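Asker: Sequence:
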Amino acid sequence: MNMMQAYLLSLLRDHLGTAVDWQGSESLAGGCINHASRVQTTRGTFFAKWNDHLPYPDMFVREAESLRELRKATATLAIPEVLVATSPENDHPAVLITEFLPSRSASADDHAQLGRGLAELHRHQQTQFGFYHDNYCGATRQDNRWHEDWIHFYGQQRIGHLVEAIRAKGGMTSEEASLYERLIGLLPQWIAHRPVPSLTHGDLWSGNYLFTTQGPALIDPASSYADRECDLALMAMFGGFSSRVWEVYQATWPLPSGWKERQPLYMLYHYLNHQYLFGGGYGAQALRIARSYL
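Sequential numbering of the sequence shown, starting at 1, is according to my numbering.
Just so you know, the hints here were simulated from the structure itself, not pulled from any lab data. There could be a bad hint or two in this list.
Listed next, with one range per pair, are the computed distances between beta-carbon atoms [unchecked claim]:
1) 238 / 103: 15 to 21 angstroms
2) 250 / 71: 23 to 29 angstroms
3) 278 / 177: 17 to 23 angstroms
Here the structure is a predicted model, which is why all the values come from computation and not from measurement. No residue lacks a Cβ here, since even glycine has one placed at the ideal position from N, Cα and C.
The whole structure should be built from the sequences, with the hints applied where relevant.
Answerer: What follows is the structure in structure tokens.
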């Protein structure tokens, strides 16, 4: 047993309050920046990921908050239960340990259940937009301070926040930043449907859902209470969701008129986030979207 395995085992023992012995592990995909494993013990199988070079030390703690909020909101979707979430300490890495959800092939009913579950999730609402703490979409810190006005929240705490971050890295000219400021000023014209603050996954691309023995599951959230169309925009941006998911979502909770016209506007946040994180052609895509609304 190596030092990391011994540390994971000690965390499980502390959480479970009983003796736990190591039986084995299997490396899994951990996203862009993390190590991840399926951990087999005498007390069951768990999912664990860890990182001692996180951009922000509380990333796993904030992810755990999102997972717990999602679990409260839906019984239709499987959300892994959080056992342990730590920040780096005493030369140990940050760790997140959850229940392990074995994957399986999907049926048509599973796709329908995913659509229903997402609508159920979005019906879990707050009185304001935001979240209990800032959290992270990928490695980007999200400004989740509560605000009663969605236009302000999306314009300043999502688009404006990223524009400032990209400029600080030297990735955007002053002329481009001015263009985004003009767009923010026009948001009331384009977002006139008065959305309610719905609980969103926040990073809902096809890599963050899976079909498991407990049903469709969501993982790796970056949750906030926001316009539910934000989740759907990212689903459409990268694809990977079946037509059945969309059909059942619409049948369960129909979207307000104009949602297709607003979709690129909500994709814009994720294009800017990818520009901030990865550079490349994402900035040009973001500019094309912004100009289309001016």
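Asker: Need the list of violated hint numbers for this structure, in ascending order.
Answerer: No hint contradicted; all consistent.
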